[in-house]
Every structure is written in C-alpha cells, then in structure tokens.
Amino acid sequence: MNESEAKSLFIKILRNVITSPDDAKFRRLRKTNAKVASVLAAFGPVLIQAGFSDPGGEFLVLEAPGPEAKQRCEAALAQLLPPELPGQSTRYSFWGVLAAGGGEAVRSVAALPDGGLAAGGLDSVVRVYRPSAD
Numbered sequence: 001m002n003e004s005e006a007k008s009l010f011i012k013i014l015r016n017v018i019t020s021p022d023d024a025k026f027r028r029l030r031k032t033n034a035k036v037a038s039v040l041a042a043f044g045p046v047l048i049q050a051g052f053s054d055p056g057g058e059f060l061v062l063e064a065p066g067p068e069a070k071q072r073c074e075a076a077l078a079q080l081l082p083p084e085l086p087g088q089s090t091r092y093s094f095w096g097v098l099a100a101g102g103g104e105a106v107r108s109v110a111a112l113p114d115g116g117l118a119a120g121g122l123d124s125v126v127r128v129y130r131p132s133a134d
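Numbering follows this note's numbering, in which position 33 of the sequence shown is assigned residue number 33; successive positions increment by one, without gaps.
Just so you know, the hints here were simulated from the structure itself, not pulled from any lab data.
Hints are supplied without guarantee of correctness; some may be wrong.
[Stated by the list, open to error] Below 25 Å or equal to it, Euclidean Cα-Cα: the simulated BS3-like pairs (lysine-lysine) are:
#1 K7 <-> K35
#2 K7 <-> K70
#3 K25 <-> K12
#4 K70 <-> K25
#5 K70 <-> K35
#6 K31 <-> K7
#7 K12 <-> K35
Sequences and hints are given; from them, build the entire structure.
Right under this line is the structure:
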C-alpha cells in the first residue's frame, strides 16, 4: 500500500468513527491486517492521539465514549488539512508527522527551505506540509 492509499484509509477510519462513534466495528483495528499496518506506519502518532490504544491483544481499540471518540477523531482528521494562511496562494498537501519528545508543547509555524511548512500545536506533534503540484 502506498502513502496515498494509507492516507485514504486513515481518513476513512476516522470518518467511520465520526459518523458512527458508538459502532463497535469501527472502534477496533486488527493490527495484523496489512492495510492497518500501513496506516500505523504512516499515521501511528495521530491515530493514538485520536484515542486508539494498544491493550496488548490482536486489536487497537478506541475506548473513549461515543461523543468523545467523535471529537478526538475530528481533531485528528483536522491535522491532515493544511493550515490556511491569509494571502497564501500556494496549496500544501500533508506530508508526514514528527512526534516531538520530552512532553514539551509545540506551537509554531515554520517555513522549510524547500517551500514547505511545519506546523505544531499544543499536542507536541509537528505536521509537515509540502507544496502540491496541482
């Protein structure tokens, strides 16, 4: 599975929880599934931030109550959208996530030498965006 397919599946996982937060089938992800493994490799920190945890069995589980699960998945989905900057005409696409260590909060936007952006929130996760070709 390529990065674009993993991103599409990740978005589908989050949207399924958002639309049906109390449905148990959307609140468990089988870790041995090759497609789920690709999503974990590309978006693991964001998936954990959305509320999925690894209780040590066969599945990642989202244990938060329905409304909280919906809210956390909406917040995680928002991370995939590039920041909107006033007067900005360049389109940016999500490129990756870098987890910051040490538990310190990050709150900034930085220009990258290649024209991309790195944006951080209070969640200690830095999101990297690259200029889109379209």
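Against which earlier hints does the structure fall short, listed by number upward?
Hint check: nothing fails, all pass.
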